[in-house]
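**Q** Numbering (this note's numbering), first residue to last: 1 to 427.
Treat the hints with care, as some may be off.
Cut-off 25 Å, straight-line C-alpha distance, at most; resulting in silico cross-link-like pairs (DSS-like, lysine-lysine) [stated by the list, open to error]: (1) Lys5 / Lys60; (2) Lys103 / Lys5; (3) Lys5 / Lys156; (4) Lys156 / Lys57; (5) Lys103 / Lys60; (6) Lys103 / Lys156; (7) Lys103 / Lys57.
Quick list of the computed label-pair ranges, beta carbon to beta carbon [said to hold, decoys possible]: (8) Arg14 / Phe34: 14 to 22 Å; (9) Lys156 / Gly178: 54 to 62 Å; (10) Lys156 / Arg366: 20 to 28 Å; (11) Arg195 / Ala335: 48 to 56 Å.
Quick caveat, the hints were computed from the structure, so don't treat them as lab data.
Small disclaimer: the values here were computed from a predicted structure and weren't measured.
Just so you know, even glycine gets a beta-carbon here, dropped at the ideal spot from N, CA and C.
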Amino acid sequence: MSVGKVAFANLGCRVNRVEIDVIASELERAGCEFVGEQDADVIVVNSCAVTGEAEAKTRKAIRHAASLPQVPIVIATGCVATLFGGELEAIGANVRVVRSKAKVSGEVLRELGAPEGGVSDEGTVLDAPSPTGRTRPGIKIQDGCDNRCTYCIVWKARGRSRSVPVEDIVSSVREAVGRGAREVVLTGINIGRFRGEIEGAVRGLPALLEHLLGATDVERLRVTSIEPPDVTDELLRVMASHPERIAPFLHICLQSGSDATLARMGRVYDTAFYRDVVRRSREMVPGLALGTDVIVGFPGETDEEFEDSLAFCREMDFSKMHVFRYSQRPGTPAAEMEQVDARIKAERGRRMRALARTMRLAAARRLVGTEQLVLVQATGAGVTGGLFDVVVDRDIEPDTFARLTVSSAAADGTLFATMRQDDSVAI
Numbered sequence: 001m002s003v004g005k006v007a008f009a010n011l012g013c014r015v016n017r018v019e020i021d022v023i024a025s026e027l028e029r030a031g032c033e034f035v036g037e038q039d040a041d042v043i044v045v046n047s048c049a050v051t052g053e054a055e056a057k058t059r060k061a062i063r064h065a066a067s068l069p070q071v072p073i074v075i076a077t078g079c080v081a082t083l084f085g086g087e088l089e090a091i092g093a094n095v096r097v098v099r100s101k102a103k104v105s106g107e108v109l110r111e112l113g114a115p116e117g118g119v120s121d122e123g124t125v126l127d128a129p130s131p132t133g134r135t136r137p138g139i140k141i142q143d144g145c146d147n148r149c150t151y152c153i154v155w156k157a158r159g160r161s162r163s164v165p166v167e168d169i170v171s172s173v174r175e176a177v178g179r180g181a182r183e184v185v186l187t188g189i190n191i192g193r194f195r196g197e198i199e200g201a202v203r204g205l206p207a208l209l210e211h212l213l214g215a216t217d218v219e220r221l222r223v224t225s226i227e228p229p230d231v232t233d234e235l236l237r238v239m240a241s242h243p244e245r246i247a248p249f250l251h252i253c254l255q256s257g258s259d260a261t262l263a264r265m266g267r268v269y270d271t272a273f274y275r276d277v278v279r280r281s282r283e284m285v286p287g288l289a290l291g292t293d294v295i296v297g298f299p300g301e302t303d304e305e306f307e308d309s310l311a312f313c314r315e316m317d318f319s320k321m322h323v324f325r326y327s328q329r330p331g332t333p334a335a336e337m338e339q340v341d342a343r344i345k346a347e348r349g350r351r352m353r354a355l356a357r358t359m360r361l362a363a364a365r366r367l368v369g370t371e372q373l374v375l376v377q378a379t380g381a382g383v384t385g386g387l388f389d390v391v392v393d394r395d396i397e398p399d400t401f402a403r404l405t406v407s408s409a410a411a412d413g414t415l416f417a418t419m420r421q422d423d424s425v426a427i
């Protein structure tokens, strides 16, 4: 019997997605039923403050939830709740702010008048696995950030870098595998800053990857966004040593291909450093696919700086690129800089996204004729280690790996793949 009906509104990054998954898992075990917002007794809004636009979306989501006819309790958590909790509570009498995500499940159950049953106010969301997306769940290994990029306020909301204990990560991976996960995605705000005790010494991300491969039966690990200085030779050697158990993909954050813009952003590298990181990565990890984030229209960005950024991205030849128009984030140094006209930002975004599509298609076409290890997530659909979507020409049991030969690529970079009759379907 359900103890109450709960809905979720999640905004922001993959880390937020993992954290809301953890909360959902705890509430599922406590007997909650998950429904749409129109039918919910409690709505949990997981907020994002990475940009002014993201914060505005958070406030809109909370106002919408608080005004629904059934007058649900709205629990606001996440970065905006941490930074501007009082303002969110003022939206309505039915809005509650819970700054610690570790306490959200308990607060939901208290509002429902249900027993908490093992959900502890002193617990932590950092050491729990993700219950949704069971084939490729995310597991957070690190939180917080020690960088002070001029456009970002997340470091204020999440605090200094801190890592999940290694034994908790191992337990989370084992639990995910036990629920049917074939690939585990390691996530964090600044994942390259992970530090933990492994074999009696404090070690970083490369050692954690090796340890997880030895201590668990996970079939494939994937590393999420990483900062350029953290792409070390040690990390690349570990990836190269396990070509099938560690996905051959790195999302190396760039933000701009202009040295002048990078300096105003407060980034800790220049394009020469980044170029060397990419060179080493491709030399050391065969078949590596590279992704990145790029901001266009950053305050003070001139036409020349944008053209430099565009040319640098073209040179790096990324297979996956997220393009963002700069959005003013009050409370950051960049918000006080000279802003770029909105129409100029829109045009630069259009041109950068066009380049991203061109590079994506070129990378996909280079895979035609190659054999790829594909994780089939649904009937006829899967994903490669390099994060290319794949359409399979025959049914293969979902939640399995299959070795497939790429036959063609669609205009959006989606791959079509076939399997020889003498191939084994699953590995």
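**Q** For each hint, tell me whether it holds in the structure or not.
**A** Now the hints, each set against the structure:
no.	hint	verdict
1	Lys5 / Lys60	holds (22 Å)
2	Lys103 / Lys5	holds (18 Å)
3	Lys5 / Lys156	violated (33 Å)
4	Lys156 / Lys57	holds (19 Å)
5	Lys103 / Lys60	holds (23 Å)
6	Lys103 / Lys156	holds (20 Å)
7	Lys103 / Lys57	holds (23 Å)
8	Arg14 / Phe34: 14 to 22 Å	holds (20 Å)
9	Lys156 / Gly178: 54 to 62 Å	violated (37 Å)
10	Lys156 / Arg366: 20 to 28 Å	violated (42 Å)
11	Arg195 / Ala335: 48 to 56 Å	violated (32 Å)
Hint check: violations occur at hints 3, 9, 10 and 11; the rest are consistent with the structure.
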